[in-house]
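Protein chains in written order, with our numbering: chain A, 1 to 102; chain B, 1 to 483; chain C, 1 to 172; chain D, 1 to 328; chain E, 1 to 131.
Hints are all accurate, no fakes.
Subject to a maximum C-alpha distance of 25 angstroms in a straight line, what follows is the list of computed DSS-like cross-link-like pairs (lysine-lysine): (1) Lys65/D x Lys75/D; (2) Lys33/B x Lys124/E; (3) Lys150/B x Lys33/B; (4) Lys124/E x Lys102/B; (5) Lys152/B x Lys125/E; (6) Lys264/B x Lys141/C; (7) Lys151/B x Lys36/B; (8) Lys151/B x Lys72/E; (9) Lys125/E x Lys102/B; (10) Lys124/E x Lys151/B; (11) Lys125/E x Lys36/B; (12) Lys24/C x Lys75/D; (13) Lys36/B x Lys124/E.
Because the hints were derived from the structure by calculation, they are not lab data.
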Amino acid sequence: MATLEHYLILSAILFCIGVFGLLSRRNAVGILMSIELMFNSANINFVAFSKFINPDILTGQIFSVFVIAIAAAEAAVGLAIVVLLYRNFDIVNIDKINFMKW
Amino acid sequence: MIEIPFINLAVIYPEIAIFTASVIVLLVDLFMKGEKQGTLSTITMLGFAAAAIIASRQWFHFETGFSDALIADNFALVFKLLFCAAGVLTLFLSVHYLNREKIFRGEYFFLILSSTVGMMILASANELITAFLGLEVMSVPLYLLAGYDKKKLLSNEAALKYFLMGAFASGILIYGIAFVYGNLGTTNFDEIYRALQGKTLYGEPLLLLGLGLILIGFSFKTAFVPFHSWVPDVYVGTPTPATAFFSIAPKAAGFAILFRLLFKAFAPMMPDITGILWVLAVLTMFAGNLIAIAQRNIKRMLAYSSIAHAGYILIALTTGTADGAKAAILYLLAYTAMNVGAFGIVILLGREGEKDLSIAGYSGLSRRHPIAAAAMALFMFSLAGIPPTAGFIGKFYIFRGAVSAGFIWLAILGVVNSLISVYYYLRVIVIMYMKPEAESDRVITYPLSLMVAIILAAWGTVQIGIFPNSWLNLVRDSVSGFF
Amino acid sequence: MYMAIFILFAIMSIAGAIMVITLKSPVSSAIALIFVLCCIAGLFALMGALFMAALQVIVYAGAIMVLFLFIIMLLNLKDEILGEDEKKVTRVFGSILGIAFLLEIGFFVRRALTVGSESLMYPVPEQFASIEVISTGLFTKFLFAFEITSVLLLVAIIGAIMLSKGEGKTEY
Amino acid sequence: MDLIDIGITVGKVVIIFGALMGMVAYMTLFERRVIAFIQGRIGPNRVGFQGLLQPIADAVKLLFKEDVTPAGANKFLFAIAPMLSFIPTLLTIAVIPVAESSTIFGREVDWIISDINIGILFVLAVTAMEVYGIIIGGWASNSKYPLLGALRASAQMISYEVSLGLALVGLLMVTGTFSMTEIVAQQSSFLQWNIFKQPLGFLLFIIGAFAEVNRIPFDLPEAEAELVGGYNTEFSSMKFAMYFMGEYAAMISISAIMVTLYFGGWQGPILPSPIWFLLKVGAFLFTFVWVRGTLPRFRYDQLMRFGWLVLLPLALFNIFITGVIMVL
Amino acid sequence: MPDRFAGRLTALEMFGNYAYTGIWLLIGVGFVLVTFWFASLIRPQRPNPTKLENYECGEMPLSASYLQFNVKYYIFALIFVIFDVEVVFLFPWAVVYNSLGLFALIEMLVFLLILIFGLAYAWKKGALQWV
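Produce the complete structure using the sequences and hints provided.
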């Protein structure tokens, strides 16, 4: 039987991969996809918790509905910004932007 | 038949007012022909005014509603008033600037207003998911505001940077919320408080992880060191009035939710995380102040100074007492006034295309533009915390709160930081008053709206500095019912 | 059997996620992400959260990823050159974070072994899969969150159009 | 669960799958003959009696065709794209009850592959995935016309997917369940068909359905005159056949869905239930062909404007009206 | 007899109808793969450079095939995403509509009204015109 821990570990691994992708990808779309992975791992957590902790009220699932809505809004806005940068300045890779400047 | 919940719309009257204004702005912008800037800014102003009036009339009402997801206690209301003030001041800063840079669009007001809706929700959220949604409603317009100047590379980059950092922070935050939910089975602050009784943070690894991630998430949004790397570039790239807004309102909102989260929901855990907050506060102050010294660009300097000021407020957060919360609110009020003023002068002295932002360019300003120089000097004094200005009063109460709560070292480090900050704030004044005039074809006009903003800011700075009593009463009332 | 299906989905989603962050071609990586999202939907279904599974596929895999693919094609994103020195700092940072999270995973594994694998396995009530329960919560207890979502979506739609629209009337 | 059950299950799957494939095959012939009739031609009538063996001949021809993968195409994606177009369509069939449940070897057999209680959501989820077969196919070809065709097709499909979903919301308000079997059970008599409760909803749904399966008047993605062949220009042999089968299977499955949701499913007097089901589906398939023979093609800007500014508000209006009527 | 299958068939018992969906999916994939495999056995395979060229009405392809396309596509996809989210909120709403009644109607009217402003904005800004 898969238990809560299994789901949590899976989501943690996905979250790790997302964080790593965020730091290692160079184009903004790739980074955005990594962020989607992070959101998804949170979703797995919510659903798993709602199943294993309080299965009769399902708040966890409701939260993940909101998370998906937020992810949609963020993706829309983020991609609009990417389009903007590309149209005006032909930039998609973030290392063209100096991220670590102090 | 499902039972219909008790809603109590009164909790969100200010939000409704602001949101209605934003929708009207949107529709007027869409369907009105010809010159509409005046109309739009009037509507925006009315929206803020209406929200502020509603909020002030709810003082001591302690409304709750929407299944306890929202609460409109004085603490929330004072922040709502602060957002309205920040919004109005930003509006005054913007009108002239938008014309000068030729980037006026109706969406600007819409974004400011909808961002304010998010902040208000954040201030009165009593539940993690509502807070998260409020945070998103606040942040998404801010990303867009950062990229508002579409033709400018810096602005575009700022938007991307802000967005990526913000989305990353949201990801971390929601992951943390998931763990808190998983451990406690609830996200309501009151229920969290109840569920936490008899638990220790270090005995609950999931909770520790969740709270840690939530703190990291909010640290990104409020730009605590080491989660601040986005701040300088975003602040520089964003149109200046929006930068002023960024440095005040979202920060205040972030602190509002942090206070509610740490002082109310996670109050039983507060002793366990004081150490972390202590370190964050010290790092934030030192990094902000030390790096600010090296800056040559006034916007960049103000960006780092805003990080440092967040550090001072973190001291108040670390104390975990009512005095700390009061001092933080007072400081935020003072910071609103003086920072808007400083940015107002920056806009006043700037020229089309965001030129003339180097600090060295202000040399000899006192001779040609004595009023602007004097106002700038006032705001710099206040930011440095020199009496009798608002900044001094704010810092004084923060440090006093820290000392009385037993955080003597923290207070000392705070004072040390104030002294460091004096150096770079005073440098601006020295350059303005002592240095010979630079070769400059700078022509300054004094647009009415901008002057109103600066005068209001100066009034606030002086008022809080010299007559702090009424303000102290305000902040005392604002935490009543909170502790 | 349940465990076998779980492991199957888990391995597929992890492999897919690794592909998302390592594949050079953005289109391939987006398709890998679609695959991951579908696997996660499968996991939701496995947990009995059918509505979530459907939602995941409809919105995430079926709408958001279309947007991603459109953008990738619109911008004609080239293959990415990974593994250059320019992002060394972030790579190190990423590895540290990765290790930290792996430690966290190890912690969970240990806890999984000590707590015992059956202890958290409540019998799933009949209504777990029921959409009515979700709807009831969504439209009563979390009513405000639901309404504010529309504000968020409104802001997103307006902001995105504002940013991506050209300056002229017809220029797109 | 024993051998008989397994046998029944296998038999059910084989029958439904076989029937679907047969319908796909003969749908092509049916369409060609009907179109020919509408246009005053004869159509294929040489292979077998009245051309009845024509589909088989077509299949054999396609099997023997060389499979060309254009240079520069992404081989893997090029290979899976046709599958991605065909399999989602196939999946929708799984949740449609095709006949009354009957008793075989003393066991109750439901004539539905999987009777899940979120049938409608499942259909929508699978429909949402259909777009990828087209996008990926067009992109992987590494060629201009397919890419343009794919983008057009996907933009069109997503535009009408919203209206399709909203049309179903109206239906859901009336039925209150996502389960296909329950929806069929609710429409036990002619007057209880959902078409009478949701006339506007059905109209919206059928328009959306035409757009979803890229049929005339919404067949711009394949507009021969403008885009050569649309997204499947570069595909040949079985890959092309797979797209083709996908399109016809989509037509059949969407007809079956319409029958199930709005026209009482397999229910009907006197005749056995599978016959009723086939008759109703056949009527819809005929409509598809008939419309193709009659209507001209939309212009692309008209298509998009119609989708967003007419269908979407109408669908919202439908929900509003349904809501008001139900409250009253 | 049942014993031999007991271990193997628990999935069907456990997930009931959902397992059938999986089986149906496997059958579909299997069918496609078998067809492809069979076709690859009997069909000729004689590629040459001309044959492998992209189809461009018989002409030689002139430019790279990945042309830039209209931002319009993005805007439609964007509006689609937002309204798709709206649709998935409508589904659970529709299911409980009968038990919540007028209250649900008002809730959803507010929600839809807010989003319709977005649609109006898109329309007025010309984002929905395909020219």
